[in-house]
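2 protein chains.
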Amino acid sequence: MTDVTDKPGAGLTEADLAALVDEVGAAEVVLDPSAMEAYRWDWSRFPGAGMPCAVVRPRDAGQVQAAVRWAARRGIPIVPRGAGTGLAGGSNAVEGGLTISLDRMAGIEIDPATRTAVVEPGALNAAVKQAAREHGLWYPPDPSSYEICSIGGNIATNAGGLCCVKYGVTTDYVLGLDVVLADGRLITLGGRRIKDVAGLSLIKLFVGSEGTLGIVTKVTLRLVPSPPPAATLVATFPTARAAAEAVVAMGRQLRPSLVEFMDQRAVNITEDHLRMGLDRSAGGLLVVQCDSPGAARTEEIEAVEAICVSAGATEVFATDDHDEGEAFLGARRAFFPACEGRGALLVEDVGVPIPALPDLIDGIAEIARRHDTDIPVVAHAGDGNTHPNLIYDATDPAARERAERAFSEIMELAIGLGGTITGEHGVGRAKVGSLAAQLGPDVMELTRTIKDALDPQGILNPSCAI
Amino acid sequence: MTDVTDKPGAGLTEADLAALVDEVGAAEVVLDPSAMEAYRWDWSRFPGAGMPCAVVRPRDAGQVQAAVRWAARRGIPIVPRGAGTGLAGGSNAVEGGLTISLDRMAGIEIDPATRTAVVEPGALNAAVKQAAREHGLWYPPDPSSYEICSIGGNIATNAGGLCCVKYGVTTDYVLGLDVVLADGRLITLGGRRIKDVAGLSLIKLFVGSEGTLGIVTKVTLRLVPSPPPAATLVATFPTARAAAEAVVAMGRQLRPSLVEFMDQRAVNITEDHLRMGLDRSAGGLLVVQCDSPGAARTEEIEAVEAICVSAGATEVFATDDHDEGEAFLGARRAFFPACEGRGALLVEDVGVPIPALPDLIDGIAEIARRHDTDIPVVAHAGDGNTHPNLIYDATDPAARERAERAFSEIMELAIGLGGTITGEHGVGRAKVGSLAAQLGPDVMELTRTIKDALDPQGILNPSCAI
Numbered sequence: 001m002t003d004v005t006d007k008p009g010a011g012l013t014e015a016d017l018a019a020l021v022d023e024v025g026a027a028e029v030v031l032d033p034s035a036m037e038a039y040r041w042d043w044s045r046f047p048g049a050g051m052p053c054a055v056v057r058p059r060d061a062g063q064v065q066a067a068v069r070w071a072a073r074r075g076i077p078i079v080p081r082g083a084g085t086g087l088a089g090g091s092n093a094v095e096g097g098l099t100i101s102l103d104r105m106a107g108i109e110i111d112p113a114t115r116t117a118v119v120e121p122g123a124l125n126a127a128v129k130q131a132a133r134e135h136g137l138w139y140p141p142d143p144s145s146y147e148i149c150s151i152g153g154n155i156a157t158n159a160g161g162l163c164c165v166k167y168g169v170t171t172d173y174v175l176g177l178d179v180v181l182a183d184g185r186l187i188t189l190g191g192r193r194i195k196d197v198a199g200l201s202l203i204k205l206f207v208g209s210e211g212t213l214g215i216v217t218k219v220t221l222r223l224v225p226s227p228p229p230a231a232t233l234v235a236t237f238p239t240a241r242a243a244a245e246a247v248v249a250m251g252r253q254l255r256p257s258l259v260e261f262m263d264q265r266a267v268n269i270t271e272d273h274l275r276m277g278l279d280r281s282a283g284g285l286l287v288v289q290c291d292s293p294g295a296a297r298t299e300e301i302e303a304v305e306a307i308c309v310s311a312g313a314t315e316v317f318a319t320d321d322h323d324e325g326e327a328f329l330g331a332r333r334a335f336f337p338a339c340e341g342r343g344a345l346l347v348e349d350v351g352v353p354i355p356a357l358p359d360l361i362d363g364i365a366e367i368a369r370r371h372d373t374d375i376p377v378v379a380h381a382g383d384g385n386t387h388p389n390l391i392y393d394a395t396d397p398a399a400r401e402r403a404e405r406a407f408s409e410i411m412e413l414a415i416g417l418g419g420t421i422t423g424e425h426g427v428g429r430a431k432v433g434s435l436a437a438q439l440g441p442d443v444m445e446l447t448r449t450i451k452d453a454l455d456p457q458g459i460l461n462p463s464c465a466i
Numbered sequence: 001m002t003d004v005t006d007k008p009g010a011g012l013t014e015a016d017l018a019a020l021v022d023e024v025g026a027a028e029v030v031l032d033p034s035a036m037e038a039y040r041w042d043w044s045r046f047p048g049a050g051m052p053c054a055v056v057r058p059r060d061a062g063q064v065q066a067a068v069r070w071a072a073r074r075g076i077p078i079v080p081r082g083a084g085t086g087l088a089g090g091s092n093a094v095e096g097g098l099t100i101s102l103d104r105m106a107g108i109e110i111d112p113a114t115r116t117a118v119v120e121p122g123a124l125n126a127a128v129k130q131a132a133r134e135h136g137l138w139y140p141p142d143p144s145s146y147e148i149c150s151i152g153g154n155i156a157t158n159a160g161g162l163c164c165v166k167y168g169v170t171t172d173y174v175l176g177l178d179v180v181l182a183d184g185r186l187i188t189l190g191g192r193r194i195k196d197v198a199g200l201s202l203i204k205l206f207v208g209s210e211g212t213l214g215i216v217t218k219v220t221l222r223l224v225p226s227p228p229p230a231a232t233l234v235a236t237f238p239t240a241r242a243a244a245e246a247v248v249a250m251g252r253q254l255r256p257s258l259v260e261f262m263d264q265r266a267v268n269i270t271e272d273h274l275r276m277g278l279d280r281s282a283g284g285l286l287v288v289q290c291d292s293p294g295a296a297r298t299e300e301i302e303a304v305e306a307i308c309v310s311a312g313a314t315e316v317f318a319t320d321d322h323d324e325g326e327a328f329l330g331a332r333r334a335f336f337p338a339c340e341g342r343g344a345l346l347v348e349d350v351g352v353p354i355p356a357l358p359d360l361i362d363g364i365a366e367i368a369r370r371h372d373t374d375i376p377v378v379a380h381a382g383d384g385n386t387h388p389n390l391i392y393d394a395t396d397p398a399a400r401e402r403a404e405r406a407f408s409e410i411m412e413l414a415i416g417l418g419g420t421i422t423g424e425h426g427v428g429r430a431k432v433g434s435l436a437a438q439l440g441p442d443v444m445e446l447t448r449t450i451k452d453a454l455d456p457q458g459i460l461n462p463s464c465a466i
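Top line first, the protein sequences correspond to chains A and B.
If you're matching positions, the first sequence starts at 1 in the UniProt record's numbering and goes up one per residue.
If you're matching positions, the second sequence starts at 1 in the UniProt record's numbering and goes up one per residue.
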């Protein structure tokens, strides 16, 4: 784990901070330590967050540029921050660094003619969806936190979600970006055009770069027509392996719009919480939705049902009713609240090729036993992206240490299965030390080459950069 | 237009070439000038192709590495080449440079369990589609040249096609890449996993980089289940503007799988060739397909029909019959053959936001008049991506000059409408001089920074790099 121990802001003078206020604006600079506290951590509460020298809350790109220039001249680290809902410590403050919170830049403009949204980074994902809906349009990417996470953060992590098994992830919807570079220059990439291959794919390079290459100040998003209503199926299986086999078979024939998995431990934790009659003996549970238009969605759900039965499902329930479907999806969504009160939570995010899901889930169970840590698993199974959730007693240092060892071993397991240490949450601080194990030395060097070229001082989100 | 006048290969000795043969393999090195002729040009016949010092036709990544190392040690430019079907001079040889043709590396392996294809760059797009089909799977990207273009070239240009209005472009299907870097190192990016946000989006950076950052030697492609059959509609409109308005309205409500446009001049050239009874008086013609499953496709086509009628269509014909639909699509596909014999052809590839299509088409007609050049327009209208085709008498230097001026002015027009100089063909040699007009100085500098970081000697496809 990375710990930023140097304190680059320590040498700052009163005059430096006065210059920040002067150059950015008094109303946009937070210097009071108690007020800054709210900007130090993301949801992971990953340790190592420092106390910033200041937090800037710009209202426009010009103020972002001014803040970056102020920091660049002094070699001060910069941490861009969206809604702070990250799960990898990616927006945790750096000791003595400048945190730039984009929460006040939250404008949304929908252009129905080009089917685009021009959005500021602080706009919440749910607000973009809502604004699009008013025009009969849809912004698909739907991280589970969509009601409270920001588009800027979604872009920083290339966020996924539940519907991306059919509709793709954030990068698939970004047509344009305004980015403030490490030297304070503002560039505009792309625009309201759907296809554009002029020059390098720079937009795609910034998406998923977790604030280490630049700070996004405006986004042009592609919208699509609202999807038809979905039919929903819930199936329980004797083993996680049987459920995963059903997922593989579905993907070969159908394009479901949602394929969620819960392992036995996740089912039991949810049932403890909801008491809705979930089968506690099930080795795996799937919630599947299909949203093809018209009668086709019923045919698709019937095909999903046949696949589940032939994979050995012990119980299958399908419905074309929206509210009934949402209730079952609610069981999956209730898992995280159900974990509350059980201890501290480390949310993992490993992914594997889909056929390796059973081996991953079995391997996680073995790691849980060996390290005596409770690790229920939920997964965006259609993408092979799992969230093992390490629950431990935060007041017990030995338990914490066991959980952290398990956390590392789960990443090693995923890499060994041809997978990734992060499918959608990002590397952040939590996994920067594990990145080399996945990427290898040459790709790490290439990454460093690009980082150095774009940010020679290394001031942009340094705790998340290799 | 770029003309490479220096001759970096001129200082090469017999010993240098003997070393190439020795290091790569005698069977893989072509030194005979008449044999090399076939590797000098792409389909654009864009002027400026040089005579390479040698052509290498490697059989594996190791031989690509050996060839790159040989060239890197000597500072010799390298031009990677796929099937040579490019339309922007992107694989035209550099005088005295080393052309690396990937045509012998054409392996295809389908893995139905992970729904992926592992493909060598020389494999043809159509061969990948066929191999996937044998497993009930589909590789969607479909450039018009899909029967003869290679996956490596598709990746170099981030190729689009007809179905990308619904199914996306090449970059959306690339899960993994093996790339030989400018110093000969071979890196592996991504793999058989659908979601992966560990590290920078390097795969996406290489896709669309036109051989200026590295040479792809292996690709992992995402496959999807075969789509249902499509219903087809053909509609004629009094004006191009009316047709474009129908396209805008469709996009707001529906997700057609194909939306192709032909202007009046393109309709007439095609009708001259086919004599199938197309309406010569039509200002614009649309061919639309919908491929939602089951009865929904008929409902969608009916909705398309209603939109066309309400946009002022003079004639609309819809069919659910596959062969009949293919016949109408055939009219669109017959346009390029219909141009043959009419003169030399410069194929443009400009794109605009969809509502700007009518202004683009009107503007192109005005440019055609002013420069006395025949410029029929076809378009992937659902994406706002047009192909104005400049037909001129190659034996008349004045006609050629007028066509080239028109070519430049069409790019300026597209940029002025918020568009791009290339939607899917790439920059190549043909447009490298026009790139700055679209991207502006800061983005050009950022592009150069990345190029310099990855290829400090500037040896990778230098005529296509800024």
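One or more of the hints may lead you astray.
As the list claims (entries may be wrong) - Quick list of in silico lysine-lysine cross-link-like pairs, DSBU-like style, CA-CA up to 30 Å:
(1) A:LYS218 with A:LYS129
(2) B:LYS218 with A:LYS218
(3) B:LYS218 with B:LYS166
(4) B:LYS166 with A:LYS129
(5) B:LYS129 with B:LYS218
(6) B:LYS129 with B:LYS166
(7) A:LYS218 with A:LYS166
(8) A:LYS218 with B:LYS166
(9) A:LYS166 with A:LYS129
(10) B:LYS166 with A:LYS166
(11) B:LYS129 with A:LYS218
Stated by the list, open to error - Anything over 10 Å on all C-beta distances counts as not near chain B; from chain A, calculated:
(12) ALA72
(13) GLY199
(14) ARG255
(15) MET276
(16) GLY283
(17) ALA365
(18) THR422
Said to hold, decoys possible - According to the in silico footprint, chain A covers these stretches of chain B (three or more CB under 8 Å from chain A):
(19) 68 to 75
(20) 322 to 330
Calculated from the structure, these hints are not laboratory results.
Because the structure is a prediction, the values reported are computed rather than measured.
Glycine included, each C-beta is placed from N, C-alpha and C at the ideal position.
Each hint tested on the structure:
At roughly 17 Å between alpha-carbon atoms, A:LYS218 and A:LYS129 fall within 30 Å of each other, so this suggested pair holds. Proposed proximity of B:LYS218 and A:LYS218 is contradicted: the alpha carbons are some 35 Å apart, above 30 Å. Pair hint B:LYS218 plus B:LYS166 holds up; C-alpha atoms about 26 Å apart against a cutoff of 30 Å. Between B:LYS166 and A:LYS129, the direct Cα distance comes to roughly 20 Å. Compliance with the 30 Å bound is thereby established for this hinted pair.
Taken as a hint, the B:LYS129 and B:LYS218 pair is honoured in the structure, with Cα atoms around 17 Å apart against an allowance of 30 Å. Straight-line distance between C-alpha atoms of B:LYS129 and B:LYS166 comes to about 17 Å, which keeps the hinted pair within the 30 Å bound. Straight-line distance between C-alpha atoms of A:LYS218 and A:LYS166 comes to about 26 Å, which keeps the hinted pair within the 30 Å bound. Of the pairs offered as hints, the one joining A:LYS218 and B:LYS166 holds, with about 25 Å between alpha carbons and a cut-off of 30 Å not exceeded.
For the suggested pair A:LYS166 and A:LYS129, the alpha carbons sit about 17 Å apart, so the restraint of at most 30 Å is met. Our distance criterion of 30 Å between C-alpha atoms is met by B:LYS166 and A:LYS166, whose separation comes to about 12 Å. A hinted pair counts as satisfied when its Cα atoms are at most 30 Å apart, and B:LYS129 with A:LYS218 does not qualify at roughly 38 Å. No beta-carbon of chain B is positioned within 10 Å of the beta-carbon of A:ALA72; the least distance is around 16 Å.
Residue-level check failed: A:GLY199 sits 5 Å from the nearest beta carbon of chain B, not beyond 10 Å. A Cβ of chain B approaches the Cβ of A:ARG255 within 10 Å, the least distance being about 6 Å, so the stated non-interface status is violated. Residue placement check: A:MET276 keeps its beta carbon more than 10 Å from all beta carbons of chain B (closest about 29 Å). Remark: the non-interface label on A:GLY283 is consistent with the geometry, its nearest Cβ contact in chain B lying 20 Å away (cut-off 10 Å).
Taking the minimum C-beta to C-beta distance to chain B, about 21 Å, the non-interface status of A:ALA365 holds against the 10 Å cut. With a minimum CB-CB distance of about 5 Å to chain B, A:THR422 fails to clear the 10 Å threshold, and the non-interface call is violated. For the region 68 to 75 of chain B, the proposed coverage by chain A is not satisfied: 0 residues have a C-beta within less than 8 Å of a C-beta in that chain, short of the threshold of three. With a threshold of 8 Å between beta carbons, the proposed coverage of the region 322 to 330 of chain B by chain A is violated, since 0 of its residues qualify and at least three are required.
The structure fails hints 2, 11, 13, 14, 18, 19 and 20 (numbered hints given earlier, in ascending order).
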